Amino acid sequence: MSVRIESSNEGMTAFLMGEIDHHTARQIREAIDTAVEKSKPKNLYLDFSEVSFMDSSGIGLIMGRFKLMQHYSGKLTVTGASERITKIISLAGLKRLGIFNNAQ
Amino acid sequence: MKSVNGMKVTFPSRSSNESFARSVVASFVAQLDPAVDELVDIRTAVSEAVTNCIVHAYPDNIGEVTIVARIYPTGRVVIKVRDKGIGIENIEQAMEPLFTTGGEERYGLGFSVMDSFTDKLKVTSKKGKGTVVTLEKYITMRQRQAKQS
Chain A
0 MSVRIESSNE GMTAFLMGEI DHHTARQIRE AIDTAVEKSK PKNLYLDFSE
50 VSFMDSSGIG LIMGRFKLMQ HYSGKLTVTG ASERITKIIS LAGLKRLGIF
100 NNAQ
Chain B
0 MKSVNGMKVT FPSRSSNESF ARSVVASFVA QLDPAVDELV DIRTAVSEAV
50 TNCIVHAYPD NIGEVTIVAR IYPTGRVVIK VRDKGIGIEN IEQAMEPLFT
100 TGGEERYGLG FSVMDSFTDK LKVTSKKGKG TVVTLEKYIT MRQRQAKQS
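So the protein lines, in turn, are chains A and B.
Each residue of the first sequence is one higher than the one before, starting from 0 at the first, in numbering that gives the first Met the number 0.
Each residue of the second sequence is one higher than the one before, starting from 0 at the first, in numbering that gives the first Met the number 0.
No lab work stands behind these hints: they were computed from the structure.
These figures come from a predicted structure and were not determined experimentally.
Even for Gly, the Cβ is constructed at its ideal location relative to N, Cα and C.
Be careful, since some hints might not be right.
To give a feel for the contact side, a few chain A residues facing chain B, derived at Cβ under 8 Å [claimed, not checked]:
hint: 1; residue: H21
hint: 2; residue: D54
hint: 3; residue: S56
hint: 4; residue: M62
Partial pick of chain B residues on the chain A-facing surface, computed with a CB cut under 7 Å [said to hold, decoys possible]:
hint: 5; residue: G5
hint: 6; residue: S15
hint: 7; residue: E17
hint: 8; residue: F19
hint: 9; residue: T43
hint: 10; residue: E47
hint: 11; residue: T50
hint: 12; residue: T73
hint: 13; residue: I90
hint: 14; residue: S111
hint: 15; residue: V112
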């Protein structure tokens, strides 16, 4: 599985790992959605620090979780996106959503 | 101009082959000693093209996807991703950012990504016959320049 999910008082963090494409995005999405629907956290963090590759399927992954958290009146935050991943995110115009929190 | 090297690979349109497809092209292009960014550009563009075949060309069945890659003397790489699927009715519309018929969290960005990450993108398609996506990328000839000097 290319995602590890941890919960704390602050909310839920999904640590994404490896390569995100149309094939792996499906498994990641299902794992995150199951966990979110179960515990309905106020905050969901998608951590991209360990992602080595992402194509436009990652955009769907982010947008879908953004909508899911909106549905539960929660908040989505994207962290640890590399320069490379940020490039694809910018192409999609997702920066406007104000969900990005980059340490670097 | 004649190509100096080439390769061809055919595989079924299963999503588990997306990773294989971008890796095999990257391995082939590696002989030009591309910069890391150039290689990731190619991997990303190929991933998008192959995903299109899987999601759009063969929506209800598994079909053949063929990739032909050629290297030209000046460091130009031409990659053709071909399917024998349903074809694209309106190529102009399909290439518009955010246009999609894909459903399931597809955002219609495949061609936008291919366009930004390559030097040239061409799409030809015939309804009911299939689609050919041609990606061109110039690899900076770092090593060869260094060797010559």
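Quick rundown of the hints versus the structure:
For H21 of chain A, the suggested interface contact is upheld, since its CB lies about 4 Å from the closest CB of chain B, less than 8 Å. With a least beta-carbon distance of about 4 Å to chain B, the hint placing D54 of chain A at the interface is held under the 8 Å criterion. This hint holds: S56 of chain A has a C-beta 7 Å from the nearest C-beta of chain B, less than the 8 Å allowed. The interface hint given for M62 of chain A holds, since its Cβ lies 6 Å from the closest Cβ of chain B, which is under the 8 Å cut-off.
Checking G5 of chain B against chain A: minimum C-beta separation of about 25 Å lies over 7 Å; hint violated. Taking 7 Å as the C-beta cut-off, the interface hint given for S15 of chain B holds, the closest approach to chain A being about 6 Å. Hint status for E17 of chain B relative to chain A: holds, with the closest Cβ pair at about 5 Å, below 7 Å. A hinted interface residue such as F19 of chain B counts as satisfied when its beta carbon comes closer than 7 Å to some beta carbon of chain A; here the least separation is about 10 Å, so the hint is violated.
Annotation: T43 of chain B was flagged as interfacial toward chain A, and the flag holds, the nearest CB pair being 5 Å apart, inside 7 Å. Because the smallest distance between the Cβ of E47 of chain B and any Cβ of chain A comes to about 6 Å, under 7 Å, the interface hint for this residue holds. Of the supplied interface hints, the one on T50 of chain B holds, with its beta-carbon coming within about 4 Å of a beta-carbon of chain A, less than 7 Å. The interface hint given for T73 of chain B is violated, since its Cβ lies 26 Å from the closest Cβ of chain A, which is over the 7 Å cut-off.
The restraint placing I90 of chain B at the interface with chain A is violated, with a minimum CB-CB distance near 18 Å, outside the 7 Å limit. For S111 of chain B, the interface hint holds, the least distance from its beta-carbon to any beta-carbon of chain A being 6 Å, beneath 7 Å. This hint holds: V112 of chain B has a C-beta 5 Å from the nearest C-beta of chain A, less than the 7 Å allowed.
Figure legend: structure checked against the earlier numbered hints; hints not met, in rising order: 5, 8, 12, 13.
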